[in-house]
Amino acid sequence: MRRTPKDTAASFRKISRRGMILGGLQVGFAGLLALRMRHLQVDQADEFRLLAEENRINLRLLPPSRGQIFDRNGRVIAANEPSYRITLVQEDAGDVDAVIARLSMLVELDEDELNRALTEMKRSAPFLPVTIADRVGWDAISRVAVNAPALPGVTPEVGLSRIYPNADIYAHIAGYVGPVSERDLNRYEDPDPVLRIPRFQIGKVGVEAKYEDMLRGRAGAKRVEVNAVGRVMRELDRREGEAGSDLQLTIDTDLQDYVQARLGEESASVVVMDVETGDVLACASAPTYDPNKFVRGISVADYAVYRDNEKRPLASKTVQDAYPPGSTFKMITALAALEAGVITPSETVYCPGHLEVGGRKFHCWKRAGHGHMNLEQSLRESCDVYYYDLALKVGIEKIADMARRLGLGETFDFPMSAVTSGLVPDKAWKLRERDSEWVIGDTVNASIGQGFVLSSPLQQAVMTARIATGRAVEPRLIKSVDSVELPSKGGASLGINENDLKQVRKAMYAVSNNRRGTAYKSRIIDDTVRMAGKTGTSQVRNITAAERARGVTRNEDLPWERRDHALFVDFAPYDKPKIAVAVVVEHGGGGSTAAAPIARDVTLQALFKGTPPLEAYPQGDRSRIKAQQERLERERRARQESNPGRA
Amino acid sequence: MSYLEYSVKTTPSGWRKVLYLNWPIVILLTAIACVGFLMLYSVAGGSFSPWAEPQMKRYLLGLAVMFIVALVPIWFWRNMAVVAYLVSLALLLAVEFFGTVGMGAQRWIDIGFMRLQPSELMKIALVMVLAAYYDWLPIKKTSHPFWVLLPVLIILLPTGMVLTQPDLGTALLLMISGGLMMFLAGVHWAYFGGVIAAGIGTVAAVFESRGTDWQLLKDYQYKRIDTFLDPSQDPLGAGYHITQAKIAMGSGGWTGRGFMQGTQSRLNFLPEKHTDFIFNTLAEEFGFIGGFSLLVLYVLILVFCVISALQNKDRFSSLLILGVGLTLFLFFAVNMSMVMGLAPVVGVPLPLVSYGGSAMLVLMLAFGLVQSAHIHRPR
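Taken in order, these protein sequences are the chains called A and B.
With full-length UniProt numbering, letter number 18 in the first sequence gets 18, and the count goes up by one each step, no holes.
With full-length UniProt numbering, letter number 105 in the second sequence gets 105, and the count goes up by one each step, no holes.
Don't take every hint at face value.
Partial pick of chain B residues on the chain A-facing surface, computed with a CB cut under 7 Å [unchecked claim]:
id, residue
1, 184
2, 222
3, 225
4, 268
5, 289
6, 293
7, 297
8, 318
For the record, the hints were derived by calculation from the structure and aren't laboratory data.
Nothing here was measured: the structure is a model prediction, and the numbers come from that model.
Where a beta carbon is used, it is the ideal one built from N, C-alpha and C, also for glycine.
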């Protein structure tokens, strides 16, 4: 290429000058980069080092093992058993479908569970294990383990799951655990991070829920190094968790088992209390349900069976249902009147069969009337008019006060779910809640435990225990936590005149021991375990004047849900009270016929700590009782065989 | 006869040329490449495969290319400048039709033993053709509007084609390096003032146009600008790269976490750790001292280039050497700014250190030209 020579000297000057400028700018920019580097690496080093550690180190929680629950004799109520599940790691499996097909030949795979697992697999990283079968039996696990070479990526894993060996008898007391729900998380202000562990279970109902904080324990943790996609590279360190506290209940499994069996499919509830310590020895609500079904996740069909049962197996009738106490309230009216001095035990009231108050007729259950009645006679024969009269003399405020002192209207510190406070009505309450004045008829109704008064079987048992001891006994359900005994709840004196109490107890004794007593048929003839009780019948319906004129329809002729509730409370032995019992049979008819026989059987069973001798029963009942005892024993054996885990 | 040809008699010939190589530059290049091998060995978790070993082979190949190019007289290369430019342009066109799509952009042609990125080639070809142009153009005409318009077209033609790939980063680099070549050649200051003003206007237009019908950039490009401006806005999405890169860098501190101890790169938090973000691995494992040392190596190359260019009395050679130095500078400056969060992530590798064949070969070829100019300078 030919060109004319150029003025190279001039061009060179320009290039060198601009070259220097540009070179200087480049070096200057490099200096800027160095400054930036210094800023990031020296000035902010600590901050970035921290962020790098946060990236790298991941805290993994180790679920703690849940505290166990035992009965008063150390028998297991709720325990943890190893549960096996099968997990699959996609990455290791290779052909997931083929592996699952092979696996399904060895183990029965649940269709729903499998579909859920497959969706989860699509979402999660290929190296994370996904559970494809939960609560697999030991046999199945063994089969999987033996065939491991043909099942790449499949791992049998072991975890702990809750088991209730006694199945149904503790369902209402201990409750059950279940997986953490969104609602559970919202309930806590600052939820324990352990709750976010997948498949972690917390108490849902009963003691399991109320003592959740103690039973849960504290989570351990391990620190692992992870890479950017979350794969664990190695474990850095590990801190084991703390197991939850073990609880011991005051319940006696044998007695609880007996009571539950005695109630059978009746819609009924029984509370047995130690009057000295307040220990609840049995607390049964029938019919019951199997809590293990809930732990596994109850099926819709199973749940519907429970939900649609008119006898409400899911309800803890002992604590959450409040019934009009009926005639069992009469002790309260009597004690209030005696304390106020408006009557003496021997003073009589004439019962013509009804009492007219404010232009309205209040009937006695006995249309013909009882005639002249003193305290003992009125209680044993359950004369209503006597108590109408007392109530008019003493007034509602004093009756309500006595009721509260005896434990009605109180929820106690009792760790079961939905414990009701019942209702002790007074003038202020009616004005507040019903927005109307208290009328004299309300007092009359309340005097025999009808109208507004409501109490739970637990409160009934407490009331009886307090009458038996004169002390403010409170029910206790938790005997010890981690083998540390909790204080018993014998309580201080109620400040009720001991003589008044004696009179009432004597009258209660007459109820089940005097020939004219309403519960004479359910008497105990063993002198060492004589019981003192009171029947109660609480109306579910209003008896109209027209019906009364026709003659009150007999309970047997009414549909089940309109029959009266049958109640019975007792303490025994009479001379040295040890236990108090409250029985409510929903729609059972009369207290003397439906509730008292159950109370007698339970009382004897509790006092003899086992099957009582037939001699404790009156001659005429023995053959029937013998048959019943044999039947219950047969049933108990059958249950034990079908459920070997049962203690 | 050109000035060069006057002095032919005094230039070394035959194998004696090797003695006249600019050895400091060769040594510096090798030192930087060695840093690259070390880092590639580290990010592979202490293994020569898959990156360090091929990179070493490529460097040796690059070294050979450099020597061969160096031994050929510079005037041959000057005469080849236009051809090189046209070939690169043709290849860019070919990419449009036969290119392989990678990361959403058509950027390379597979030619059997390697993937050729014509845009890389164009960076050097552009420098060459502009140096040759200003060597040919009488100096008095340098700032004449017509003679300014011509190189502008020379620059804009490949820039436009690269932009359609679309590769915004390379297009900008081409434009900047071309513009700076014109600056070096002595084009009047006023033009650059005008261009800078226009540039500011364009940036304003780009932002103004966002979301309208005549939107100038693609959405992902806006997104990159957004996350560059505020990486914390989207720490797990597009801002993830920048955030993690800064964490890697910052956690190094003064002396770093030690060779192969960088958790950010070893545990894959650092994206593209063997290519664009390799500098962060270096900074994490060897700290400020390591990163600064590499920066010094680059700066030293620039210094030797400037010295070499100022010694060289040939206009083409001088412009070429400065242009190649400039290309190297743009490479590492943009890459480092990017990984330190000073510039948006545009996908520019760290020269000689990042894993990658064609960028390294092209750069070695460019330094071959520098060496050739150095050897065959008029004496």
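- Query: Any hints this thing doesn't respect? Which numbers, in order?
  - Reply: Hint check: 2, 3, 5, 6, 7 fail, others pass.
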